[in-house]
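Engineer: If you want the building blocks of each chain, they are given just below.
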Amino acid sequence: MVERNPILDTFTHALLIISLIALLIPFWIVFVAASHDFHTVNQVPMPLWPGSHFFENISTAWVQGNFSRVMLNSMIVAVGVTGGKILIASLSAFSIVYFNYRLRTLMFWLIFITLMLPLEVRIVPTYAVAADVLRPYREILNLFGLSIGLPEWNMLNSYSGLILPLIATATGTFLYRQFFLTVPDELTEAAKMDGSGPIRFFLEVLLPLSKTNMAALATIMFVWSWNQYLWPLLIITDQAHYATATMQLQKVVPGPVFGDPPIWNIAMASNLIVLTPPVLVTILLQRWFVRGLISTDK
Amino acid sequence: MAEIVLRDVRKSYGKNEVVHGVNLDIATGEFIVILGPSGCGKSTLLRMVAGLETITAGEIEIGGKVVNQMEPRERGCAMVFQNYALYPHMTVAENIGYSLKIAGVSKAKRRARVEEVAGPLGLSEFLDRKPGQLSGGQRQRVAMGRAMIREPRVFLYDEPLSNLDARLRVAMRVEIRKLHQRLGTTTLFVTHDQVEAMTLADRIVVMNKGVVEQVGAPSEIYNRPQSTYVAGFIGSPGLNMVSGTVDPAAGVVRLTDGQELAYDRERWPVVTPGPITAGFRAENVELSNVGLKGSFDFAEELGSARLVHGTVGDQMVVAHVDGQLHFEPGDPIQFKIDPSEVHLFDAASGRRLAGERSPMPARNEAARGLVKA
Ligand SMILES: Nc1ncnc2c1ncn2[C@@H]1O[C@H](COP(=O)(O)OP(=O)(O)OP(=O)(O)O)[C@@H](O)[C@H]1O
Ligand SMILES: [Mg+2]
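Protein chains in written order, with the UniProt record's numbering: chain U, 1 to 298; chain H, 1 to 373.
Read the hints as simulated data drawn from the structure, not as lab findings.
Be careful, since some hints might not be right.
To be verified - Some but not every residue of chain U turned toward chain H, in silico, with C-beta under 7 Å:
1. Glu186
2. Ala190
3. Gly195
4. Ser196
5. Val205
6. Pro208
7. Leu209
Backbone N, C-alpha and C fix where the C-beta goes; we use that ideal spot for every residue, glycine too.
Using the sequences and the hints given, assemble the complete structure.
Structural biologist: Encoded structure:
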């Protein structure tokens, strides 16, 4: 329904503008606080216009907060998780949609049900497995009375521990399944007639066709994994080497990193640093997948 | 030599059999059209030849080899799909050359072959476009190029023209025919459009509900339909069919309302008296002051002529008339039917009566000069 009513138009616009301001004010305050020196930022009331110490604060925060290390860690984890999720999601959806085997529907619903079990719910067993990856298999073997000495594999304090347990994704599988279902059967048959096997079809036809799908999934998953907090906190005790950006952020105020009382200007500068990559990824990929949606790739 | 042989080919989905034992010999270079209404199993039959559908029972042989267990790519068939099924993310050149890429042909050779194929199809200037930027007719040609580049033993078309508008359909029909003349590749073409079938085919296979009703040259199918089903399906309008009782002594078919329709006793010398279905083409009916008495229902304007629909007793009759008409619905009219063009069918089975004596009509392919000595 499209209403053409000037009063209603003005009202809705006003509402939108107010919401936008309400949304942006915290960011503005973070930015302003990050641009003053220690004394100015602690004045009451705090100034509402940016000062001239922005880059100085950023570089102080970067060095003191060890951000070259933790940002790199976060980047490795976020890229690893995103890539892994896309790989696993597309492969499992490919299997569910294109292959005919018994229990196929059951498999799909099993995956689907895990939507209801996010990491936070199953964090204790997940930790147990991360601490000793082969333990479930050992238990199963024991159940059958076999005692084969499986080696120990401990994922605590490692990138694989940060990445692997986060990779399985019911959402992604579901998204890909829905996409594959829209690909016409005749395309598959044309590829078969051209002599393509399943792997080639997956790599050269399905994946390129799912570019926009992939961009959407990548955006969501990158931001999600960048913001992971609980899991890294739980399994990383060697913070000097494996701390992620979000873990570091937790310590900036009032904390052991910059000292007590809280040094707000540096803390806010750290905030901006940690915030930048997900924002950039969102802006970049969003553009890209909107372009993908507009071009008539029928 | 037979290029494709079907031996009692059957297909079932679960307990439901949809193709009931098809036997067919297709000669090398022949253009075969499979014609039938929606849901009769045409696509299923074609897809079994292509290898996209498993064969429930029977045997399919291509080039002397039984292909039942072979993968589609090993059978040497290329297929053109109804909705073209082009790869949307590839350019026209990549679409056409994809099978060569899979076969491991080098990039330079591939490009050369693609240009060779694209030229005669009028696609040279579109090679770098995506399918989304082409018209329906151009996409159709890309699909044909993709099939041609493999130099297959057999071309398979599944209703390739049904997504095109009427004029383009006629144009593409001509192109497909020319392509066949140029390459001489054995072709199986599925359609439900009898005009397409009549104009393209060396031989038509008429299917109905999973069985083959008749196989023959277009003129043969038109002039000597082997069953009432084929008779009603071929031609527009289909054959007029009236039921009655045949009296061979008098050489007439007595209709349900007692009127008599004469047939050619020379042509049908042995007929047993009893119930029968008689058929005749609208072109062999004249409006006259002799013949079957009936009434006028309505007329269809064809431009150069008219189709007059009338009722005789309780049966419908259509006449193809050149002159102008001045009738009101319900007016009495008389249909004069040429006795030598009356066809007789068994009333119970619907099969054409056996024992007919008449010269075989000229074979269509002979008329076209396509038969090899
Ligand atoms: N995968 C399938 N599972 C079950 N039944 C099927 C399947 N595919 C086709 N059929 C049935 O087989 C019959 C023949 O189908 P087919 O597609 O060969 O018809 P067609 O002659 O090509 O019709 P159309 O002109 O509409 O394309 C139909 O009754 C259809 O319902
Ligand atoms: Mg079909």
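Engineer: Could you run down the list of hints and mark each one as holding or not?
Structural biologist: Comparing the hints with the structure gives:
1. Here the hint on U/Glu186 is kept, as its CB sits about 4 Å from the closest CB of chain H, short of 7 Å.
2. Contact between U/Ala190 and chain H, as hinted, is supported at the beta carbon level, the nearest pair being about 4 Å apart and thus within 7 Å.
3. For U/Gly195, the suggested interface contact is upheld, since its CB lies about 4 Å from the closest CB of chain H, less than 7 Å.
4. Annotation: interface hint on U/Ser196 holds; nearest CB of chain H at approximately 5 Å, less than 7 Å.
5. A hinted interface residue such as U/Val205 counts as satisfied when its beta carbon comes closer than 7 Å to some beta carbon of chain H; here the least separation is about 6 Å, so the hint holds.
6. Evaluation of the U/Pro208 hint against chain H yields a held restraint, the C-beta minimum of about 4 Å falling below 7 Å.
7. The beta carbon of U/Leu209 comes within 6 Å of a beta carbon in chain H, closer than 7 Å, and the hint placing it at the interface holds.
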